[in-house]
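Colleague: The lines below spell out each chain.
2 protein chains.
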Amino acid sequence: MNIVLLSGGSGKRLWPLSNDVRSKQFIKIFRTEDGSYESMVQRVCRQIRKADASALVTIATSKTQVSAIHNQLGEGVGISVEPCRRDTFPAIALAVAYLADVKGIDPQEVVVVCPVDPYVGDDYFEALKELERLAAGGEANLALMGIEPTYPSEKYGYIIPENEENVATVSTFKEKPDAATAAEYIRKGALWNGGVFAFRLKYMLDKAHELIDFTDYHDLFAKYDTLTSISFDYAVVEKEAKIQVLRFSGQWKDLGTWNTLTEAMEENVVGDAVMNETCENVHVINELNVPVLAMGLHDVVISASPEGILVSDKEQSSYIKPFVDGLDQRVMFAEKSWGSFRVMDVEEESLTIKVTLKAGHRMNYHSHRNRDEVWVVTSGTGRTIVDGMEQEVRAGDVITMQAGCRHTIIAEGELKLVEIQLGREISVHDKQKYELEYD
Amino acid sequence: MNIVLLSGGSGKRLWPLSNDVRSKQFIKIFRTEDGSYESMVQRVCRQIRKADASALVTIATSKTQVSAIHNQLGEGVGISVEPCRRDTFPAIALAVAYLADVKGIDPQEVVVVCPVDPYVGDDYFEALKELERLAAGGEANLALMGIEPTYPSEKYGYIIPENEENVATVSTFKEKPDAATAAEYIRKGALWNGGVFAFRLKYMLDKAHELIDFTDYHDLFAKYDTLTSISFDYAVVEKEAKIQVLRFSGQWKDLGTWNTLTEAMEENVVGDAVMNETCENVHVINELNVPVLAMGLHDVVISASPEGILVSDKEQSSYIKPFVDGLDQRVMFAEKSWGSFRVMDVEEESLTIKVTLKAGHRMNYHSHRNRDEVWVVTSGTGRTIVDGMEQEVRAGDVITMQAGCRHTIIAEGELKLVEIQLGREISVHDKQKYELEYD
Numbered sequence: 001m002n003i004v005l006l007s008g009g010s011g012k013r014l015w016p017l018s019n020d021v022r023s024k025q026f027i028k029i030f031r032t033e034d035g036s037y038e039s040m041v042q043r044v045c046r047q048i049r050k051a052d053a054s055a056l057v058t059i060a061t062s063k064t065q066v067s068a069i070h071n072q073l074g075e076g077v078g079i080s081v082e083p084c085r086r087d088t089f090p091a092i093a094l095a096v097a098y099l100a101d102v103k104g105i106d107p108q109e110v111v112v113v114c115p116v117d118p119y120v121g122d123d124y125f126e127a128l129k130e131l132e133r134l135a136a137g138g139e140a141n142l143a144l145m146g147i148e149p150t151y152p153s154e155k156y157g158y159i160i161p162e163n164e165e166n167v168a169t170v171s172t173f174k175e176k177p178d179a180a181t182a183a184e185y186i187r188k189g190a191l192w193n194g195g196v197f198a199f200r201l202k203y204m205l206d207k208a209h210e211l212i213d214f215t216d217y218h219d220l221f222a223k224y225d226t227l228t229s230i231s232f233d234y235a236v237v238e239k240e241a242k243i244q245v246l247r248f249s250g251q252w253k254d255l256g257t258w259n260t261l262t263e264a265m266e267e268n269v270v271g272d273a274v275m276n277e278t279c280e281n282v283h284v285i286n287e288l289n290v291p292v293l294a295m296g297l298h299d300v301v302i303s304a305s306p307e308g309i310l311v312s313d314k315e316q317s318s319y320i321k322p323f324v325d326g327l328d329q330r331v332m333f334a335e336k337s338w339g340s341f342r343v344m345d346v347e348e349e350s351l352t353i354k355v356t357l358k359a360g361h362r363m364n365y366h367s368h369r370n371r372d373e374v375w376v377v378t379s380g381t382g383r384t385i386v387d388g389m390e391q392e393v394r395a396g397d398v399i400t401m402q403a404g405c406r407h408t409i410i411a412e413g414e415l416k417l418v419e420i421q422l423g424r425e426i427s428v429h430d431k432q433k434y435e436l437e438y439d
Numbered sequence: 001m002n003i004v005l006l007s008g009g010s011g012k013r014l015w016p017l018s019n020d021v022r023s024k025q026f027i028k029i030f031r032t033e034d035g036s037y038e039s040m041v042q043r044v045c046r047q048i049r050k051a052d053a054s055a056l057v058t059i060a061t062s063k064t065q066v067s068a069i070h071n072q073l074g075e076g077v078g079i080s081v082e083p084c085r086r087d088t089f090p091a092i093a094l095a096v097a098y099l100a101d102v103k104g105i106d107p108q109e110v111v112v113v114c115p116v117d118p119y120v121g122d123d124y125f126e127a128l129k130e131l132e133r134l135a136a137g138g139e140a141n142l143a144l145m146g147i148e149p150t151y152p153s154e155k156y157g158y159i160i161p162e163n164e165e166n167v168a169t170v171s172t173f174k175e176k177p178d179a180a181t182a183a184e185y186i187r188k189g190a191l192w193n194g195g196v197f198a199f200r201l202k203y204m205l206d207k208a209h210e211l212i213d214f215t216d217y218h219d220l221f222a223k224y225d226t227l228t229s230i231s232f233d234y235a236v237v238e239k240e241a242k243i244q245v246l247r248f249s250g251q252w253k254d255l256g257t258w259n260t261l262t263e264a265m266e267e268n269v270v271g272d273a274v275m276n277e278t279c280e281n282v283h284v285i286n287e288l289n290v291p292v293l294a295m296g297l298h299d300v301v302i303s304a305s306p307e308g309i310l311v312s313d314k315e316q317s318s319y320i321k322p323f324v325d326g327l328d329q330r331v332m333f334a335e336k337s338w339g340s341f342r343v344m345d346v347e348e349e350s351l352t353i354k355v356t357l358k359a360g361h362r363m364n365y366h367s368h369r370n371r372d373e374v375w376v377v378t379s380g381t382g383r384t385i386v387d388g389m390e391q392e393v394r395a396g397d398v399i400t401m402q403a404g405c406r407h408t409i410i411a412e413g414e415l416k417l418v419e420i421q422l423g424r425e426i427s428v429h430d431k432q433k434y435e436l437e438y439d
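Chains A and B, in that order, give the protein sequences. Going by this note's numbering, 12 is the number at position 12 of the first sequence; the sequence numbering is gapless. Going by this note's numbering, 156 is the number at position 156 of the second sequence; the sequence numbering is gapless.
Be aware that one or more of the hints could be misleading.
Chain copies aren't distinguished; within one or between two, either way the pair holds.
[Unchecked claim] Straight-line C-alpha distance at most 20 Å; calculated EDC-like pairs for lysine to aspartate or glutamate:
| id | residue 1 | residue 2 |
| --- | --- | --- |
| 1 | K358 | D345 |
| 2 | K12 | D372 |
| 3 | K253 | D123 |
| 4 | K416 | E348 |
| 5 | K103 | D272 |
| 6 | K416 | D345 |
| 7 | K433 | E238 |
| 8 | K202 | D225 |
| 9 | K155 | D225 |
| 10 | K358 | E348 |
Honestly, the hints are just simulated from the structure, not real lab data.
When you get a sec, could you build the whole thing from the sequences and use the hints?
Modeller: Laid out in structure tokens, this is it:
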């Protein structure tokens, strides 16, 4: 199976665990059999491998997620990187061009596209295989998954099939309705449109060339920022006459809010937390290194990270977005391809940051105009290059760098350091990158 | 008025804001008229000054609280420092010896003793003056305050007066009863014993000499650790025949739990916090520098500090102690006479701490056996002395100190630094202090 997972943008609905640089699909929140935790994207990839060990998985995403994907999935998945956000049709066009031109997939093969973040069981992946068979069968150009509604949701588009068979042709599509209209649709046998579909690669390449003037993947990538934003539903689905829908009645949860996310958690506590016996239906996800103590709470989610602390009634948690938008926040932690950082202290003219470099990784070679920096290595060994001078470093070593001085650090094993930034105008934008001579 | 405030030990009931080194009476939680916050001890001293501008205030406390008292009250109060904890009778004996021998108070003057932490109005201090008059009048050796009970509490001892007059002689004292017995006492006109009383200084000095073999304050201080622990009630009150009780019906709250403390707060939020409109009777006290977001909660207290995060139903919060006892915690922040510190990061072989030194203050001159240290000055100016070598320092300067090396830093204005401790056996006990040549 060729499967394209659409990995969406930053989410604020799961603040403080998701932020501008960490999307919800990368939060490690699901306990696995070996006792460790996996994220949504790790879970779905594990499930795909279980359903089809030889599946070719491609993740269509933005540049900001590439590090997180490599960190969590290794090199075993392809990544179609959107240079900027242009909605789902350009993203899918780019992904299919990537499959054809970079991965060399035969245009007659079928491609399945689905979001990266639904919480589903194994039967979902069996349904994906069925979709693949439908698309290969050729009766329709597009095979869609229609999810049996569990309530009259206002969050989804609806598919009205011609009949109630397991596989049916589509009569019409409906935009996100209000609850009353949704209930009416459901009475008529409507299904949720979860954005899951299959097609022959050639079909979608043709559609892409029809709507976009490009030669191949590299050309499309190069002109991506000139493309018009347009959704796949609008550009393709609503204009296609030959569509089949496959009815899916298995578990399918959209874990977009704390309320739904905690329903999917197998344990009530992730991280350092104590609950007394009077707590009921309480979930704590604590990424800080100090304990959370919860007493006498009901139907509450507590989530703590270096960005902040959320304490919310579970139902109320779905209304979080405007409040998080109202917080004017510096990014306090992030995972990078080379490791991670956490802001430990913010002062007017200094910033103290803990930096962890993965073994064999390094920072960019860079300088700052308006700040000096001090590194104190706290564990591990490696090498620094400062204005071209290389030296070995280990725990206890101190490196001071004046503004303008070019610097990097290369970790041998895992290396941790405290970085202290000093200056009147400390900004993440004050960074000039350079090539190293031997790069 | 000569007033002795008994300032008790560390409290865990207000975790994470109180800890082994910060008692509840020093938490700045009460909004003042000028918009700043004051602690219990600051509030009570302000109220005393308002009632009697020339009051001589002495705080009887342990060594661990001296820095906090100086920080919060300045030099305007006397401090009778108990070298170790020996219950209330030795503490009061030491305090009266201090008043007589250090402060030179006439033995015929009256002394009023009360706890440092009740939350009371101005009428309480008028009642203290009345107690003082009763003790001066000489009809009784002890004048006690009896607080009119508001419910059959199991937390207090009870005073049974001879009659229901405003001032009465005491018939008998009762230990903390169960609720049913308390209700019975209250029907008979019993009053709470809040530990508030007045006496002539001479009376208590005589009692002290009667029960303890000592010459003067300095002698008593020197042999304090040899004294037997005994409560004032047991040693004096229960054996004294001539006691008057003054009925007090004003506001008197014991702010020992989050439940009662938040009742006394004038605002629902102290620190960085946002509450949505569906929160009811929620209090947030946030000492961290990241926001708390509270949504849809009822009757909940949220408290966050570098020690941890409490989220509790208010009523349940009174059962906190065993849970906090179960947390095996390093002290993560503290106020000292010279400033404050906050632990920012704990690793196996390193500790990163933010240190703030007050203008003109300095650390002890000290060394460590098993750890190296690095200081990075992040703001302010001052001087370091390292193995006798003195140098001026300012923001950006880095000082490295090997294990065994003697070091201190002296702040000119307020000075902040990041201290990184490095070694295999980092412990707060690994500290050797030295005199400086010019001390």
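Colleague: My question is about K416 and D345: at a cut-off of 20 Å on alpha-carbon distance, are they close within one copy, between copies, both, or neither?
Modeller: both (17 Å within a copy, 12 Å between copies)
Colleague: Regarding K358 and E348, is the shortest C-alpha distance of 20 Å or less found within a copy, between copies, in both, or in neither?
Modeller: between (30 Å within a copy, 17 Å between copies)
Colleague: How do K433 and E238 come out at 20 Å by Cα distance, when the copy is not named: within, between, both, or neither?
Modeller: neither (46 Å within a copy, 79 Å between copies)
Colleague: Check K12 against D372 for me: Cα-Cα at most 20 Å, and say if that holds within a copy, between copies, both or neither.
Modeller: Neither, since 33 Å and 42 Å both go past 20 Å.
Colleague: From the Cα coordinates, with 20 Å as the cut-off, is the pair K253 and D123 best called within, between, both, or neither?
Modeller: within (13 Å within a copy, 61 Å between copies)
Colleague: Is it within, between, both or neither when you check K416 against E348 at 20 Å Cα-Cα?
Modeller: between (25 Å within a copy, 12 Å between copies)
Colleague: Within, between, both or neither: how does the pair K155, D225 come out at a Cα-Cα threshold of 20 Å?
Modeller: neither (29 Å within a copy, 71 Å between copies)
Colleague: If the cut is 20 Å between Cα atoms, do K103 and D272 qualify within a copy, between copies, both or neither?
Modeller: neither (44 Å within a copy, 51 Å between copies)
Colleague: Using 20 Å as the alpha carbon limit, work out where K202 and D225 are close: within a copy, between copies, both or neither.
Modeller: neither (24 Å within a copy, 90 Å between copies)
Colleague: Taking 20 Å as the upper bound on the Cα-Cα distance, should K358 and D345 be classified as within, between, both, or neither?
Modeller: between (23 Å within a copy, 19 Å between copies)
Taken one by one, the earlier hints fail for this structure at numbers 2, 5, 7, 8 and 9, listed in ascending order.
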